[in-house]
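A.B. asks: Chains as they are written, first to last, in the working numbering: chain A, 1 to 254; chain B, 1 to 520.
Among these hints, one or two may not hold up.
The calculated lysine to any residue pairs, modelled on SDA-like cross-linking and capped at a C-alpha distance of 20 Å, are [as the list claims (entries may be wrong)]: (1) B:Lys-419 with B:Glu-157; (2) B:Lys-419 with B:Ala-485; (3) B:Lys-76 with A:Ala-150; (4) B:Lys-76 with A:Ser-226; (5) B:Lys-319 with B:Glu-14; (6) B:Lys-419 with B:Asp-65; (7) B:Lys-419 with A:Arg-158; (8) B:Lys-299 with A:Ser-226.
No lab work stands behind these hints, which were simulated from the structure alone.
Spelled out, the chains give:
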Amino acid sequence: MFIALRTAHNGIRDKLRRFGWRHPEWWVVMIAAVAWMFMAGMSHSHASHTHASHIGITPGIGHAQGTLGMVAMVIAMMVPLILTNVRHVALSSLWRRRHRAIAGFLAGFLAVWFVVQSAIVGTWGLLAPLVGWQTAGGVAMVAAALWELAPIKRQRIRRCHLTVPLAPRGWRADADCARYGVSTGFSCVTTCWALMVAAAAFSHSLMVMIVLFGVQVSGRYQQRPSSFLAALAVLGVCLLSFAESFPHHFSGLQ
Amino acid sequence: MSQPPHPEHGQMFERRDVWTLSEEDPWHPIIEWYARAVAAMQARDGADFSDPTSWRYLAAIHGVDLEVLPRRSWPKGATWNECQHNSWFFLPWHRIYLHYFEQIVRQTIADLGGPDDWALPYWDYSDPDRENVRRLPPAFREPQMPSGDSNPLFVSERRPAMNEGGELPEALVETGEAMAMRFFDRLRIDVDPRPEEIFLATGFGGPRTGWNHVEGRPGVLEISPHGGVHVGVGGTEPLGWMSSFDTAARDPIFWLHHSNIDRLWEAWLALGDPSNPRSLEFRNPRGRRAERWLNMWFKVGGGASAVILRVREVLDATKPPLNYRYSNISLPAPAPAVLAASADTGSRFTEEEPVPQQGPQDIFPEMVGASEDRVPLAATPTEVEVDVGAPSGPALMAERAEGAQPRRVYLKVENVRGKELAAANYLVYVNLPPGADPAAHEDRRVGQVTMFGVREASEGNEEHSGSGLTFSFDITGLVQRLQEAGEWDPERLRVTFTPVLAGAEEGGDVSVGRVSLFYV
């Protein structure tokens, strides 16, 4: 009995070890999953609160507000888009350094996005009350849809696939990984900025987050994604969110 | 122009060797009708190349410079910039492309009053026993046709020596390394199909990818003779049409070159496997993962003449819709250097029994060393030394495992980038003795790096990221031989790049991002 248990234990351990070898990015996926759970939890608690108070959804005050929400949004929406880059970093590093290399790359990448997303959220916080959430949200929605149709976006998105040579050891290896993270972050920002503005604007809606995330994933991993469908998806889900937030404005349509 | 004929009634077309035709008559009717058709198709170009049967439209299917012809200026529905390279779709896509081209030329010839059974010739430049075959056929070098008209087969945008009757260097037309490959889409290891995980393996036809226009890792046939002949004809200073993806198909010799590459695919399949004649493992991709390859479809051309074909529909060239065969698919004997280099890589030229395939779950490449800095690829030989460490992960565990198989060793030449070429190809040597003449140590050659596609793959645009090209070589056999001779240093590796068809000594800005070593 003891031997059987030990054999089973060794078998599971061996499988896990091999899984870790094959998928060195496993812990990055887990971090992104936790971020999504956090966002879902926030959305649920927000919805419960608004439902209980019968005052309707409070648009514009979602996950993007607050440092923790902003961090969760960036990790959830952006980190899954760079898993191939993470794998490139891991598989191009000496075995004992591969998780350290991933960490360096992620640090560079997230540093860029935290700065940019702070600016987006800060600007949103200033502008939305001035012009009204509906106007600001509408502008964000249209801008995101138009950006999806822009030829320059197709060009920018290919830069996200860039691979670079990494020094194998020492401080140069760490610096190369971090630098690669920063350059990937910049490429990502120039590609996804409009969707992330829309995400900040509609951050109260998990549904919007999920659809915008789907558009990003499709753009990143499909060789020739449909710009038209992407723009349509952005417009559709944002309008749906508008309809939910302001049912009286859309009552004529129902 | 009337509709191209579709050979649905079983008419078989024969593609013949252009040098055999040229020896009969430099202006053999097949060549002369080709020239007249090219002239007619060039006359259809117009200002915007919108006629799908025009010469420039056909060339643009392979590639266009987006700075010269941005997408907004393309004809409606144009399938331009579509050529598949560095991919397991390289061969089937070009087969479909040639089929489309051949139909249009055949119909044009028929419309001009010529025969209706014209077939595209091929340029077999690789036979060392035949004189002249490494030169351009005479009809492609003469500025005028016998009639005194301008010769559309002559293109001044070539390496001048080629138009003057010069020969391609032997190294650029080698087929031995490609023919030595046992597998189509990998070397001998079977790993997960994720692109990042198969980065070590490129077989005869190219690595498993999705739709892939430019960047990545070429298969062995794509390196040589394909890439070598492109840059060998086009040259590097100045860059001729054949040297660039975006202009290559404007040179009429392009089509005969690719006809030969297509023929080499047939020849490779026909070789069989001497160590296991019943095995089909080495043939075109098979099994569950091959479905993705077989079902991939490509649309080539525009208007009513466009063709849409799946890979599975073009695997047998003798069946509809293709209906063609080559007059000769025999191959020259591989050079001794190729035999030595492939002696232990599971090549079909060895008597070795195939090593049992390891399951994908057992394969984990481990990097054990890499160069610190970029390595210039110049007009003179360059060398780089790599510090190699002992494996500490899967390679070490595999070595200690019961019944362990011999370790396999892979050399990877990563991120080859640059805009100005200093040579056509580079021969890659491992652990050449210091100061030694590479030509005297062909047994240390592990393969070639081609410059064809490097410029395009280095440019970040809507088609590619700018990562450049990457090459990988199985050097297991060489390492074993060096170990047996006591000349293998497990802590240090020296890699030498020797240019073929080098230009001016100071020219070129291409470099290798990194040279790395992997144990599997």
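A.B. asks: Now tell me, hint by hint, if it's right for this structure.
C.D. replies: Structure-based check of each hint:
| no. | hint | verdict |
| --- | --- | --- |
| 1 | B:Lys-419 with B:Glu-157 | holds, 18 Å |
| 2 | B:Lys-419 with B:Ala-485 | violated, 41 Å |
| 3 | B:Lys-76 with A:Ala-150 | holds, 18 Å |
| 4 | B:Lys-76 with A:Ser-226 | holds, 17 Å |
| 5 | B:Lys-319 with B:Glu-14 | holds, 13 Å |
| 6 | B:Lys-419 with B:Asp-65 | holds, 14 Å |
| 7 | B:Lys-419 with A:Arg-158 | holds, 19 Å |
| 8 | B:Lys-299 with A:Ser-226 | holds, 17 Å |
Hint check: a violation occurs at hint 2 only; the rest are consistent with the structure.
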